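**Student:** Sequence:
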Amino acid sequence: MPQERTPPQPILLHDRFNEIRTLLLELLNSLSPDDWQQPTAAPLWSVKDVALHLLGGDLSNLSRRRDQHRPPPDSPIDSYQDLVAFINRHNADWVRASRRISPHLLCDLLAFTGPQLATYFASLDPFALGDPVDWAGPDPAPVWLDIAREYTEQWHHQQQIRDATHRPPLYTPHLFALVLDTFLRAMPHSYSNTAAPEGTTIHIEITGEAGNQWFLERSSTSWELLTATSTPPTTHISIPQDTAWRLFTKGIRPEQALSHATITGDPAMAPPFFHTLSVLA
994 MPQERTPPQP ILLHDRFNEI RTLLLELLNS LSPDDWQQPT AAPLWSVKDV ALHLLGGDLS
1054 NLSRRRDQHR PPPDSPIDSY QDLVAFINRH NADWVRASRR ISPHLLCDLL AFTGPQLATY
1114 FASLDPFALG DPVDWAGPDP APVWLDIARE YTEQWHHQQQ IRDATHRPPL YTPHLFALVL
1174 DTFLRAMPHS YSNTAAPEGT TIHIEITGEA GNQWFLERSS TSWELLTATS TPPTTHISIP
1234 QDTAWRLFTK GIRPEQALSH ATITGDPAMA PPFFHTLSVL A
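Per this note's numbering: the sequence shown = residues 994 to 1274.
Keep in mind the hints are simulated off the structure, nothing from the lab.
It is possible that part of the hints are untrue.
What the hints assert, rightly or not - Now the in silico label distances, taken between C-beta atoms and shown as ranges:
id, residue 1, residue 2, range
1, Pro-1125, His-1062, 16 to 24 angstroms
2, Pro-1161, Gln-1061, 33 to 41 angstroms
3, Asp-1132, Gln-1074, 50 to 58 angstroms
4, Asp-1235, His-1062, 20 to 28 angstroms
5, Ser-1223, Thr-1187, 41 to 49 angstroms
Bear in mind the structure is a predicted one, so any value in this text is a computation, not a measurement.
Glycine included, every Cβ here is placed at the ideal spot set by N, Cα and C.
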């Protein structure tokens, strides 16, 4: 019998941006003055700072991508580490400078930029090749993956605000499952330096209403992410959805995530999973 191997489908979600922005604005407009100052999982950033960061992301995307306004970086970017340092510095500078914006005006600005960004993403050919999504690998990526990456940024920062202000989580499968699916696209790159015999297969299961299962299978040349395979798994990793997104966004340490996970089979294949980041960090 031929071997069953089903690759994952492209993630097409440009229609979710207006929905997730509406939920963000409802959340922000419900906050008290004390809520805006609460610390978040983002180091050194308050709830207001995270919301300012989301606005900065909108402005940067619209200016740099839609309007092709791309000032040169203030220092050379010759490596992944240079890129991360530049982005962290850029983000910190923006948040520091924009703290004078009031919460009321911040909400107005997010209501203004959100639909424009959604319209821009909807105008793109999702199957064209674009810039690399660096946490998924150094090669040009399909535009749909870059759009999905941006969606995960908006989702996880909104979730940080929800955590900090004790609001219900944004775990609706319609919105959350796409985040987890996007994060898993980092797995082949995460395992790229992990040697294993051809046919080695890691079964990844994320439990919860928005969860799913994936298979990472070693071919003769690389690791491939699949949604189904007839190859028996070498290792099975099961992790709750609430733990998974925090792990992939550096919200918890690998050892914390490991304490909530179940590993069966060969444990030697598990460590790269717990060191996967689906954000630039």
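**Student:** Now tell me, hint by hint, if it's right for this structure.
**Tutor:** Evaluated hints:
One distance hint, 16 to 24 angstroms for the beta-carbon pair Pro-1125 and His-1062, holds here, with the actual separation near 21 angstroms. For the pair Pro-1161 and Gln-1061, the beta carbons lie near 39 angstroms from each other, so the given range of 33 to 41 angstroms is met. Under the hint 50 to 58 angstroms, the C-beta atoms of Asp-1132 and Gln-1074, about 18 angstroms apart, miss the expected range. At about 39 angstroms, the CB distance of Asp-1235 to His-1062 disagrees with the hint of 20 to 28 angstroms.
The hinted window of 41 to 49 angstroms between Ser-1223 and Thr-1187 is violated, with their beta carbons roughly 22 angstroms apart.
Taken one by one, the earlier hints fail for this structure at numbers 3, 4 and 5, listed in ascending order.
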